[in-house]
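Novice: Sequence:
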Amino acid sequence: MATLPPHMSEEQIREMIQGPGDVEWAYEMRRHCQEILPGLLLGPLQVSKSLQTLQQFGVTHIVCIRDAKEAFSVRPRFPERFHYMVLDVQDNEEQNLIRLFPQAKQFIDGAISAGGRVLVHCNGGISLSPAFVVMYVMQQHNLSWEDALHLVQNRRYCISPNGGFISQLKEYESIYKARNAVASFPQYQAAATRRKRAAEDDEDDDERAEERKRALVDHDDAMQT
Numbered sequence: 001m002a003t004l005p006p007h008m009s010e011e012q013i014r015e016m017i018q019g020p021g022d023v024e025w026a027y028e029m030r031r032h033c034q035e036i037l038p039g040l041l042l043g044p045l046q047v048s049k050s051l052q053t054l055q056q057f058g059v060t061h062i063v064c065i066r067d068a069k070e071a072f073s074v075r076p077r078f079p080e081r082f083h084y085m086v087l088d089v090q091d092n093e094e095q096n097l098i099r100l101f102p103q104a105k106q107f108i109d110g111a112i113s114a115g116g117r118v119l120v121h122c123n124g125g126i127s128l129s130p131a132f133v134v135m136y137v138m139q140q141h142n143l144s145w146e147d148a149l150h151l152v153q154n155r156r157y158c159i160s161p162n163g164g165f166i167s168q169l170k171e172y173e174s175i176y177k178a179r180n181a182v183a184s185f186p187q188y189q190a191a192a193t194r195r196k197r198a199a200e201d202d203e204d205d206d207e208r209a210e211e212r213k214r215a216l217v218d219h220d221d222a223m224q225t
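Each step along the sequence shown adds one to the number in our numbering, with nothing skipped, and position 70 is 70.
Since the hints were made in silico from the structure, they are not lab data. C-beta atoms are modelled at their ideal positions from N, C-alpha and C, and glycine is treated no differently. Among the hints, a few may not be true.
[Said to hold, decoys possible] List time: in silico EDC-like cross-link candidates among lysine to aspartate or glutamate, alpha-carbon distance up to 16 angstroms:
id, residue 1, residue 2
1, 177, 147
2, 170, 93
3, 69, 88
4, 49, 80
5, 170, 146
[Stated by the list, open to error] Just the calculated beta-carbon pair ranges, DEER-fashion:
id, residue 1, residue 2, range
6, 84, 157, 25 to 31 angstroms
7, 197, 103, 55 to 61 angstroms
8, 29, 70, 49 to 55 angstroms
9, 11, 90, 38 to 44 angstroms
10, 167, 81, 33 to 39 angstroms
11, 146, 197, 30 to 36 angstroms
All chains, please: the whole structure from these sequences, using the hints.
Specialist: The structure is reproduced here in structure tokens:
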């Protein structure tokens, strides 16, 4: 599989969604890692155990996603050579990935922005770690969950997130797009803040007017007695 350029245009991303022409997938390739986006690699545990492979791909950071039952075998192998993030999850359809994703995204963003290269892996690189990578691709390039899934599958054909994870991908699309919509309208936010402050000022003015009115009434009553 050809190495990706350091920066990708929207047109190149669309081509990757439709399917790259440089890949002939073979079964044994599931044991290797693939570069999904520039600086972002996805693969199985086997890759994370090979120092030679990690160095060959220029990996600097590793996201290790594991079921708690796998902690003995799925673990950082070279903590003195690479920066690790370990996420302990349950590899089943009930596991909430959306709650864990922001810290993984922050780790990946920090690594890539510093010129690093990140390997994201679970045990098999089939369901759990691909779900995180699809979320990342989706938000990074403002894609639908389906387009993001197709892009990742076209780089690593063997991925197959379970049904629960697919449901969360759909849910996360709505979440991140809603956040983007709010963030993209700072003028609307500023106007809303101004309206809120104006309303609060009006309420304060009304209260002060009422207080003055009560004071005058009390003063008149006192003068009459």
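Novice: Next step is simple, just say for each hint if it's right about the structure.
Specialist: Checked hints:
1. 177 x 147: Holds: residue 177 and residue 147 sit about 14 angstroms apart, inside 16 angstroms.
2. 170 x 93: 14 angstroms, holds
3. 69 x 88: Cα-Cα ~9 angstroms, so holds.
4. 49 x 80: 14 angstroms, holds
5. 170 x 146: Measuring from Cα to Cα gives roughly 8 angstroms; hence the hint holds.
6. 84 x 157: 25 to 31 angstroms: 27 angstroms, holds
7. 197 x 103: 55 to 61 angstroms: For residue 197 and residue 103 the Cβ distance comes to about 35 angstroms; the hint is violated.
8. 29 x 70: 49 to 55 angstroms: 23 angstroms, violated
9. 11 x 90: 38 to 44 angstroms: 39 angstroms, holds
10. 167 x 81: 33 to 39 angstroms: Given a distance of about 37 angstroms, which is inside 33 to 39 angstroms, the answer is holds.
11. 146 x 197: 30 to 36 angstroms: The hinted range 30 to 36 angstroms is violated for residue 146 and residue 197, with Cβ atoms some 42 angstroms apart.
The earlier numbered hints that this structure contradicts are 7, 8, 11.
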